[in-house]
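Going by my numbering, the sequence shown opens with residue 355, and the numbers climb by one from there.
Hints are computed from structural coordinates only; laboratory data are not their basis.
Where is the CB? At the ideal position from N, CA and C, for every residue including glycine.
Hints may contain errors.
Claimed, not checked - The calculated lysine-lysine pairs, modelled on BS3-like cross-linking and capped at a C-alpha distance of 25 Å, are: (1) 499 with 480; (2) 499 with 477; (3) 615 with 480.
What the hints assert, rightly or not - Label pairs and their computed distance ranges (CB to CB): (4) 366 with 584: 38 to 44 Å; (5) 422 with 401: 17 to 23 Å; (6) 580 with 397: 29 to 35 Å; (7) 589 with 375: 34 to 40 Å; (8) 382 with 558: 16 to 22 Å; (9) 580 with 401: 34 to 40 Å; (10) 549 with 361: 16 to 22 Å.
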Amino acid sequence: MTDASATASALVRATKHRLRTALRSYLTTHIAANPALRDLKSRAIASHLTAHPLFTNASSVSIFLSMNHEVNTDHLVRAALDAGKHVFVPCMVPCSSDNDGPPIPPATSTSTSISTATKTTKKRTKLVMVPLRDAQDYASLPLDKWGIPTPADPDARQPWGSNAPDRDGNGSPVDLVIVPGVAFDVANGGRCGYGRGFYDDWFARHGGQRATRCAVAFDVQVLDFDRSSWGQASGDAQEEQVQAIKRELDGKVPVEEHDVKVQWVVTESGGVMQCGL
Numbered sequence: 355m356t357d358a359s360a361t362a363s364a365l366v367r368a369t370k371h372r373l374r375t376a377l378r379s380y381l382t383t384h385i386a387a388n389p390a391l392r393d394l395k396s397r398a399i400a401s402h403l404t405a406h407p408l409f410t411n412a413s414s415v416s417i418f419l420s421m422n423h424e425v426n427t428d429h430l431v432r433a434a435l436d437a438g439k440h441v442f443v444p445c446m447v448p449c450s451s452d453n454d455g456p457p458i459p460p461a462t463s464t465s466t467s468i469s470t471a472t473k474t475t476k477k478r479t480k481l482v483m484v485p486l487r488d489a490q491d492y493a494s495l496p497l498d499k500w501g502i503p504t505p506a507d508p509d510a511r512q513p514w515g516s517n518a519p520d521r522d523g524n525g526s527p528v529d530l531v532i533v534p535g536v537a538f539d540v541a542n543g544g545r546c547g548y549g550r551g552f553y554d555d556w557f558a559r560h561g562g563q564r565a566t567r568c569a570v571a572f573d574v575q576v577l578d579f580d581r582s583s584w585g586q587a588s589g590d591a592q593e594e595q596v597q598a599i600k601r602e603l604d605g606k607v608p609v610e611e612h613d614v615k616v617q618w619v620v621t622e623s624g625g626v627m628q629c630g631l
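Based on the sequences and whatever the hints tell you, model everything.
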């Protein structure tokens, strides 16, 4: 990598960090702290997606299980199970080698995360997809330290059905992958995740998959949605900070070469939107 490209990449990472910080702050205050509003918006999003051919035509689907500031995907999981679909959920497992899993992300000058040196001493993990057996299995999943339902026995879970991949995605692919993220744009399919690259790595390891990549998000997380609100003064400092960074980025998520884009975005007001890519 040349000095110029390294500088450009560092600038993109720093911009992503500011974007994550602004949106996470907003979502924590306006979504996580208001469970009723979160549920109302999440049900609208689930209604849009579950009525769309993206969902109805999928025989197997991977759905992330959400934190309290994200779209509540419980409605999607239950709808998929009720429809008899093969349902997979993401789970973290130890990497098998130094070359396995996502690379350790470079630290940003503004980052408050643990240092790269500390990260290298930790047990590295990667994302895999494991099957849910049924609705009872889903309901019994223990919560991890972030309050996310997570299978405690990933190695004991085997895929089922001729269309189901193994946990690393080998074999026949899943039809639809519902991905999490902090920010998206519809024009280009840009996605800003949480900075660890787990989904980017999973898709890179299984690049031959035909799985459709679909994001579920709140309106505020889609940078180029409702541009008319960008210049409006709301009196809410967090909201105005989010609108300011949307204007600065002209509604485009900053991306790097390794960032995997999404093909569809679903929000409570926008419904199911196809990305330009």
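Against the structure, the hints come out as follows:
1. 499 with 480: 17 Å, holds
2. 499 with 477: Between residue 499 and residue 477 the Cα gap is close to 16 Å, so the pair holds against 25 Å.
3. 615 with 480: 19 Å, holds
4. 366 with 584: 38 to 44 Å: Violated, at about 22 Å.
5. 422 with 401: 17 to 23 Å: 21 Å, holds
6. 580 with 397: 29 to 35 Å: For residue 397 against residue 580, whose Cβ atoms are near 20 Å apart, the range 29 to 35 Å is violated.
7. 589 with 375: 34 to 40 Å: 21 Å, violated
8. 382 with 558: 16 to 22 Å: Taking Cβ atoms as reference, residue 382 and residue 558 lie about 30 Å apart, which means the hint is violated.
9. 580 with 401: 34 to 40 Å: Distance hint for residue 580, residue 401 is violated at roughly 20 Å.
10. 549 with 361: 16 to 22 Å: 19 Å, holds
The structure shown violates the earlier hints numbered 4, 6, 7, 8, 9.
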